[in-house]
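2 protein chains.
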Amino acid sequence: MLKNLFAAIPVDTSREAFDDLLNVPGLRIERIVSHGQKSPPGFWYEQDEDEWVIVLQGSATLQLEGRDTLVSLEPGDHYWIPAGLRHRVDATAPGRPTIWLAVHR
Amino acid sequence: MLKNLFAAIPVDTSREAFDDLLNVPGLRIERIVSHGQKSPPGFWYEQDEDEWVIVLQGSATLQLEGRDTLVSLEPGDHYWIPAGLRHRVDATAPGRPTIWLAVHR
Numbered sequence: 012m013l014k015n016l017f018a019a020i021p022v023d024t025s026r027e028a029f030d031d032l033l034n035v036p037g038l039r040i041e042r043i044v045s046h047g048q049k050s051p052p053g054f055w056y057e058q059d060e061d062e063w064v065i066v067l068q069g070s071a072t073l074q075l076e077g078r079d080t081l082v083s084l085e086p087g088d089h090y091w092i093p094a095g096l097r098h099r100v101d102a103t104a105p106g107r108p109t110i111w112l113a114v115h116r
Numbered sequence: 012m013l014k015n016l017f018a019a020i021p022v023d024t025s026r027e028a029f030d031d032l033l034n035v036p037g038l039r040i041e042r043i044v045s046h047g048q049k050s051p052p053g054f055w056y057e058q059d060e061d062e063w064v065i066v067l068q069g070s071a072t073l074q075l076e077g078r079d080t081l082v083s084l085e086p087g088d089h090y091w092i093p094a095g096l097r098h099r100v101d102a103t104a105p106g107r108p109t110i111w112l113a114v115h116r
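Taken in sequence, the protein lines are chains G and U.
Going by this note's numbering, the first sequence opens with residue 12, and the numbers climb by one from there.
Going by this note's numbering, the second sequence opens with residue 12, and the numbers climb by one from there.
Since the hints were made in silico from the structure, they are not lab data.
Where hints are given, some of them may not hold.
Copies of the same chain look alike in the list, so a pair counts if it fits in one copy or across any two.
[Stated by the list, open to error] Keeping only pairs whose Cα atoms sit at most 16 Å apart, straight-line, the calculated EDC-like set for lysine to aspartate or glutamate is:
hint, residue 1, residue 2
1, Lys-14, Asp-31
2, Lys-14, Asp-79
3, Lys-14, Asp-88
4, Lys-14, Asp-30
Isolated chain G, as found in the complex (with noise of 0.2 Å):
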């Protein structure tokens, strides 16, 4: 479990990382870090769970299933992702890291 949200910033930039910081019966809250990832083309993101997101640092922009625009998030940018709408990561920065922070429940 990571202590600090800052803390241990993987170097390995060629795959995302998932980190815990919280995980108790019905809500889990995760760190990830991007670096330039994207959902390939197609893919949806579909969960079960409802999700909220923050953007600290890096930028993101999120596609939803049914909406022409997209959702640009800039540090201290939220959004929430009710279960079942299904979603995809279509851009993170490039060449730096990107940290978010997602409550899962």
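Please arrange chain U on chain G, whose structure you already have, making use of the hints.
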């Protein structure tokens, strides 16, 4: 509902500011901005809800009932406060805002 965690930092430093980022049944995510405020001597929070907190800017010190040592929170440090655990804010950074994110459920 506040759209960005780092936006609209209140200029009134005479009191703490509390703003929801999310409020859905069973989950509330709140930004707290402190300017050196702390809990009055002898005051304890005692909550029916679980709370997870993280400090993102500034610093804070928590006191938990029954523990001899204080919990020091620097940016990125987080802490889980289960329902019923009496606690107080022993200090927040003077002269600059301390930005907390608090997840209540």
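Are the CA atoms of Lys-14 and Asp-31 at most 16 Å apart within a copy, between copies, both, or neither? within (9 Å within a copy, 25 Å between copies)
Quick one: Lys-14 to Asp-79, C-alpha cut-off 16 Å, is that within a copy, between copies, both, or neither? neither (38 Å within a copy, 20 Å between copies)
Given a CA cutoff of 16 Å, do Lys-14 and Asp-88 count as a within-copy pair, a between-copy pair, both, or neither? So Lys-14 and Asp-88 pass the 16 Å test across copies only (6 Å; inside, 23 Å).
Evaluate Lys-14 and Asp-30 at a C-alpha cut-off of 16 Å and name the case that applies: within, between, both or neither. within (10 Å within a copy, 25 Å between copies)
Violation of the numbered hints given earlier is confined to hint 2; every other hint is satisfied by the structure.
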